[in-house]
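Sequences and hints are given; from them, build the entire structure.
Chains A and B supply the protein sequences, listed in that same order.
Take the first sequence: its position 54, counted from the start at 1, is 155 in this note's numbering, and no numbers get skipped.
Take the second sequence: its position 2, counted from the start at 1, is 103 in this note's numbering, and no numbers get skipped.
To be clear, the hints were calculated from the coordinates, so they are not data collected in a lab.
Please note that the accuracy of each hint is not assured.
It does not matter which identical chain is used: a pair holds within one copy or between any two.
As the list claims (entries may be wrong) - List of simulated lysine-lysine pairs, DSS-like, C-alpha gap at most 30 Å:
#1 K153 to K194
#2 K194 to K168
#3 K153 to K168
The primary structure of each chain is shown beneath.
There are 2 protein chains.
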Amino acid sequence: MVKYQGPELDRTFAALADPTRRALLMQLESGEGRSVSELARPFAISLPAVMKHLDVLSDAGLVSRIKTGRTVTCRIEAGPMEEAMQWLVRYQKFWEASLDRLAALVEESGE
Amino acid sequence: MVKYQGPELDRTFAALADPTRRALLMQLESGEGRSVSELARPFAISLPAVMKHLDVLSDAGLVSRIKTGRTVTCRIEAGPMEEAMQWLVRYQKFWEASLDRLAALVEESGE
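Now the structure itself:
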């Protein structure tokens, strides 16, 4: 079941609305776990600021965190993104239609 | 060119993070234009509140508005959603992998 109006979608889209959070997810896109300090390295912002972003991603269910000793390992959880994508897919016809129009124009100009 | 870190993506995802705004876009998904009062009808919130949501959608480039006399007609502009979807597509492998695992399990249990 795809939920179009659930608070899950609100949280997912809100979590994705920030460039630092998107960059954190992009660092995790291989599927491998990464420590918080590894994830924080490329950013010019402080470690606590990165951790706040990770909290938002974790609350949205987009990242899981496992603590082993003093190391917290983060992993991507892509499930909520699937729901977001299924919401967006219904609008695909609009850009597909514009691609079709473009293809028709290119074809005409070649005749 | 897909921009992964642009402010456009921030605005698109932020605009989509609200259930009223998603419901407004869903009302426009046929591609037909609708007046603001038509759009506002299904909602329990005030007309000015609906108009504020339309402002956010318009600022994100997701809705265009044309004024004819006293009527404002809104139309969906799906371009920014295509960018959002292209951003999400890179994570598709995660849920496809889980579907593959599920299919393998079903197959095994049938043997």
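Tell me the hint numbers this structure goes against, listed in increasing order.
none
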